[in-house]
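In case you want the letters, here they are:
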Amino acid sequence: MSTSTQAIKHKRIYEVSPTRKMVMGIIEILIGLFIFLVFVRTISGDITTRYVMTPGGIDIGVAGDWVLPTRLTLIILGGVTLLIGAFQLIKGFGRATNAMVGLTGMFLIFGFLTWQAGGTSLNLAGMLSSAVLLSVPITLGAFSGVLSERAGVVNIAIEGMMLMGSMVGALIGSITDSAWLGLIGAIVSAVLLALIHALLSIKYRINQVISGTVINIFSAGMTAFISQKFLQANQALNSPPIFPRIPLPGLAHIPVLGPILFNTNLFVYIMFILLIIIQVALFSTRWGLRLRSVGEHPKAADTLGIDVIKTRYMAVILSGIVAGIGGAFFTLGSVGRFDEGMTAGKGFIGLAAMIFGNWTPIGSLGAGFLFGFADAIGSKLSLLGSAIPAQIMGMAAYLITMIVLAGFIGKGHTPAADGEPYVKE
Amino acid sequence: MNKKSEEKQNAGKLLLEEINQPKKRRIWGVISVPLLAIVTGVIIGAILIAATSNNVYEAFDESFLNGIGTSFSEIFIAYRSMFTGSIGDPVRIVNAFSSGDAREIRSALNPILESLVQATPYIFAGLAVALGFRAGLFNIGVEGQLFIGAACATYVGYAVKGLPGIIHMPLAFLAGGLGGALWGFIPGFLKATTGGHEVINTIMMNYIAFRLTEWLLSGPMTRPGSGGMPISPIIEESAQIPQFFQTPIRFHLGFFIALGFAWLVWWLLFKTKWGLNLRTVGTNPRAAKYAGLSVVKNTMIGMALSGGLAGLAGAVQILALNHSMALGLSSGYGFDSIALALIGNNHPLGVVLSSILFGTLRNGATRMMVIARIPIDIVDVIQAIILMLVAAPAIIRTLYRLREPKQEETTVFVSGWGGGQ
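Going line by line, the protein sequences match chains A and B.
Just so you know, my numbering puts 371 at position 371 of the first sequence, and the rest follows in order with no gaps.
To convert, take the position in the second sequence, counting from 1, and add 425; that gives my numbering.
Chain B on its own, in the form it takes in the complex (with noise of 0.2 Å):
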């Protein structure tokens, strides 16, 4: 009796065990790996700014201490403009609120709500190839559909006149949702109908829209009186998402929307009959089809829907910030958005949070190459190797010694050409 007691004890005990412990060391098996890569990819980037600095080799012709005290100085230089230009200035927030000056506030804080404003179209960036990635397809052409989402939300923008705001702006949105759609859904379909590979066919249409939206601004949708610029008319009023506060501080109601759309895609994706199947085609096509799951219709669905979301990122930054559309729209978030989705797992609220941190370095190194002249491009070589540790995990384990986790499920890419069988 006694006994039994004991075991029933114990029972619940190891049952807490199992609910309690796993999910901490889960939690901490999913972080360890991208944040020590985000240090690592950090402490690489120090490296390349103390290797590349001239007064760094003249203090060690000098003397070998003066020579890493040099390179320490350079590199604090760099990084404290970096985190001044992305978090803002500690001691003038703090002058700012004990002021009491609400405008002071508020320019105080700008930097942060600037690396908000930036994030905004990494968010919609980068959940569009999270959910690429989660339908098994590898979403490169982020940053074609990002050109053809912004020129459609532009057309809409300043073709439609006389609506209220509160049709234009959603309706020019959307219209970027679907510009960004249709771009997706043509690799889409080219890989369910005839396995062309999405990989080479989705930078092929970055480069046609590219080209397509070069001519479009120079052609039909140029700006009367530009002179042959490639830029196109001043969006209505009616159209433009708002900003909150007065010109020299960005931040704007698209950071909500894209929050927004975090949590559709999680819904979507994690609580919908139709976003399993689309995960289950992801994870394992061959079950997918035994289950009689269509994979060429979910194919074809998860592109287009990934297209979409690279469409809103291009047209929430016409109608939010540029306000007109001209070639330098980009700067190169198709790239960075695969980055972002694996630094989060895949995860929109993973996501989410690599989006504000990649928003926050690249906010920092624009005042950084102002204040250091470091080129901005920095940041793409920190990137690339934050995602080369996150890829590739092992690395990361054996540099800081830690555990092998245990066997989890992962999405399965197609590895090869298609086709095939």
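Isolated chain A (complex conformation) (with noise of 0.2 Å):
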């Protein structure tokens, strides 16, 4: 009986609607058909687009320019993507479905980018190199997300343990002068944050929303007070130590690939380190199922002797330690600066990541790369002197997270007890 359901289970996981399946196509289609009326329309066949391979300020790992006739490149990649709609609506991909709508999205950036830099060149290494660098607080946001909601909670709160991580990394790096004790306040600082969360959402059982809403008004408040009481007033408490690039022995060396993922900050060798930690904690160890059982079905998993509070806090407090890491990253693995309201939105882009990567490690650190993408493509478009506005193109990772939304939600593995306070009986 239960074997039976859980078969029956898993095949409606992977299985994608007939609608589904066709919006997707006409989505893939109607991005083919851009490419070829808007880019390709519009640009003479003997321009040329030269990328630049190697992100300024790099030595090792150097790698030759691109140079890539503009049309031609764009009439590849309109053609393709018409072949990718074609066949999602003929035959369909089946589970790889969100996979090619995002390659058809990168297509659609990619032909973006070419067009605009036509007759120009773009550093697309260095634009790639900071999309990696921008995406790690919306990935760790995200994994943080994983965690806590993979038991069951809910956790809205990942904005504000990341604005206190940066504000009490900022301050505790610059007292000490160390950004790894400065790493560590930050991360305790959101852990006690997480606390709150699992305290209010768990033991008092109220709105888990509510919950993490207090902690991000707490959190705006709190940092911008103590910001205005004391970094402001005194510069020298707002100057961390930031961590230094560190090139990897060998792998740095590598052209393109190297400088981009190889030779670059601490907290991106930590997001792919926690990446395998929790995918295999995860999904490959007892203590991940007990904690998925506990989200999925806390009743069951009680029955069966799994503490579901205990799992529900462990749960939420590995969170805040992710979110921290987060938090750090912005004033000790970039700025170098603590500024009010630095997150800007992050944490919830994080989630949205989450979402958008079916609450797997492995899928929120791919839908981050596409946010960081995202916004690395505004920051460097107005230095090309684009026509758009900077603003608008600011626009571009949240209306990407709400189109995500709005496509992918509910059709992926929510936990099913997400959200629900749980009442041992």
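These aren't lab readings, by the way, just hints derived from the structure by calculation.
Heads up, some of the hints might be wrong.
[What the hints assert, rightly or not] Dumping the calculated DSSO-like pairs for lysine-lysine here, alpha-carbon to alpha-carbon at most 30 Å: (1) A/Lys299 to A/Lys229; (2) B/Lys698 to B/Lys714; (3) B/Lys714 to A/Lys299; (4) A/Lys229 to A/Lys310; (5) A/Lys21 to B/Lys698; (6) A/Lys203 to A/Lys21; (7) B/Lys698 to B/Lys722; (8) B/Lys722 to A/Lys21; (9) A/Lys203 to A/Lys91.
[Stated by the list, open to error] One side only, chain A facing chain B, incomplete, derived with CB under 10 Å: (10) Ile60; (11) Val62; (12) Leu200; (13) Val214; (14) Ser227; (15) Thr360; (16) Ala406.
C-beta: ideal position from N, C-alpha, C; glycine also.
Assemble the dimeric complex from its two separately framed chains, guided by the hints.
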């Protein structure tokens, strides 16, 4: 009995409904047509786009520039997109549907870049490198969400935890003059907030979204308060050391990939290490199975002797640790200074990345890259002198988040007991 | 016979008790938690003031008693400046009244009038969130809706010329409402049709609204000759909401318009069939579905109305006070309004009261910042604590040993990410 229901459930998860199959196919075809009608039509055949493939300020792993014929590249991109769309409409990609939509989205973005940079050059590697960095807080936020939501606790407090982490990281980093101690401080502060969230939502069983909002308001107020009272009054308290760029021996020399992924910030490596740890822990250990069962069916888990309350506390605290690292990235990893409200919704975008990534670490990473890339485009294109105002480009990440939510929510694997307080009977 | 009449009498008594006592207790039950939450929030704020003051630590170095004394005097100075800044200086008010000088009386009362001015956008914003909650929707997007509403009101305010004030002002005001309604409708529509959670979507709409208004104010809607500064032209005089007194006193008609809208929301929610439908969808969507109500339709209407009220909050600020739009329009009304709605128990009257409280707090905090050099953001911290305590009444009950109330009908929010089924 139990095995058969499980089999049915598994089948349901991977099945793509006919309407969804069609809608996605139509979207892909529209993207292809867009590439042809807007990009290809407006560009003449002899223009080339030059992509610089080494980020600025890097001297190992140097690669030559790519020079692409603009029009031909766009035709190929549009053609492949149309083929993908047609295949999706006729046959469907099944489990790979989301991935294929993501791929066509990438084609659209790459096509847009090629079109914009037609006749000039664009540092693609630099853009990718900054995209990876920009994706770090989003991805870590998504990991944080995965940990707590897999145990059934909705955590929209990630934004607040990150903000607090970034402030405390800057403060402690400045006082001790040690980036590592700053990181630890950031983690501790985020964990404290996570404890409050856990207490409110698990013990007092208040609505988890409201509990998260409480923490977000508290963090926004508290960080601004301390920032004005101390950090701005005394700049020495707001100049933490930054983690330096660490080239990984050997790997950093790989052309193109090396400078982007293996000669970069410590936080990027932490992100990849966490990816492996969380992926393995959640899906290949008994611990992870228990955690997920608490998020799926707490009553059943309780019957089997799993301590639901304890598991949820642990999950939320782990979530806080990851969010704290994500917060520390802002001050100790990139800017080297705390500004009020500097997380700018990255925690929320992280939650969208988690949803897009189907509540899995690996999917979250992919979605995080996508959002990070959307962010990077905005800042780079304004340098190219694009006709599109910087503010409009700055909307991209938020718009994509909304589109993703509209297109992908509920089709993936939402933990069944997500957001439901557990009352032991 | 005798016994029967006695029973009758008793029954009458019982009935009277039934009617009277629970009501009294009910009012206390409704008020006690927010009231104690506010008290606790203010106490924690006081601790924060003392704990972040240099003077206090210096005094503690001298002696413990000295430290305690300084803590209290610091807290006293801070809260006194907050009081005189938001209510007024009692001595000055009494003197003003005894002197009989009308102008002096007005300026002595200005702090309290200014608190009402500050409360005005809060009322609209709080009503927006409360209406959303009643419909089972969590609108965190008030901030963005407010910006869009303000932008629309500003545009109608300066671009439409030659209308009499009686038409122009309401037109600009309603334009603000419409802009906010559109901005609220989009997440409502997305939630109803695709299941995308309104919490994330409204937050995203906030950021999009900020970018959009920044672009509008530095591009299409910029003030000629502003040199690229993101600021709009000044609105026509006919679009302005009138202020009652001369310049230092900013008290304006908008406050009464806000009260009118509070009454309107109350009437809509509790006196019309349509409001009943909305509340049913909010409290029990499944039952509503079985009763033949359209959850999809009510979700969209609920979000649009909520956004419209938020847009009015932006419009009233532009039309009555600023008269042109700049980026520093809102000081976090969006998040504050959530606290307002919850403290006011999602009831329009409660929202009005808590808005006046918050307006007073914020007005006082401005003065506290000047006199006692305490960052205004302390109000956010106090608000977060109040919100937490109101949302988790169990904490207040254990702190103050209150009795557990009877189970009441409460609004059930969609807790997960929707979609699913």
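Results of checking the hints against the structure:
Between A/Lys299 and A/Lys229, the direct Cα distance comes to roughly 48 Å. Violation of the 30 Å bound is thereby established for this hinted pair. At roughly 16 Å between alpha-carbon atoms, B/Lys698 and B/Lys714 fall within 30 Å of each other, so this suggested pair holds. Distance restraint check for B/Lys714 and A/Lys299: the Cα-Cα separation of roughly 27 Å lies within the 30 Å cut-off, and the hinted pair is therefore satisfied. Pair hint A/Lys229 plus A/Lys310 does not hold up; C-alpha atoms about 38 Å apart against a cutoff of 30 Å.
Distance hint between A/Lys21 and B/Lys698 is unfulfilled; the C-alpha atoms sit about 40 Å from each other, more than 30 Å. Restraint check for A/Lys203 and A/Lys21: the C-alpha separation of about 42 Å exceeds 30 Å, so the hint is violated. For the proposed pair B/Lys698 and B/Lys722, the alpha carbon gap of about 15 Å is at most 30 Å, so the pair holds. Between B/Lys722 and A/Lys21 the CA atoms are separated by roughly 26 Å; this keeps the pair inside 30 Å, and the hint holds.
A hinted pair counts as satisfied when its Cα atoms are at most 30 Å apart, and A/Lys203 with A/Lys91 does not qualify at roughly 49 Å. Given the 10 Å rule on beta carbons, the hint for A/Ile60 is violated: about 37 Å separates it from the nearest Cβ of chain B. Interface restraint check for A/Val62: the shortest CB-CB distance to chain B comes to about 36 Å, outside 10 Å, so the restraint is violated. Interface hint status for A/Leu200: upheld, as the beta-carbon distance to the closest one in chain B is roughly 6 Å, under 10 Å.
The restraint placing A/Val214 at the interface with chain B holds, with a minimum CB-CB distance near 4 Å, inside the 10 Å limit. Because the smallest distance between the Cβ of A/Ser227 and any Cβ of chain B comes to about 8 Å, under 10 Å, the interface hint for this residue holds. Taken as an interface hint, A/Thr360 does not check out: its beta carbon lies about 15 Å from the nearest beta carbon of chain B, beyond 10 Å. Of the supplied interface hints, the one on A/Ala406 holds, with its beta-carbon coming within about 4 Å of a beta-carbon of chain B, less than 10 Å.
Comparing the model with each earlier hint shows violations of hints 1, 4, 5, 6, 9, 10, 11 and 15; every other hint is respected.
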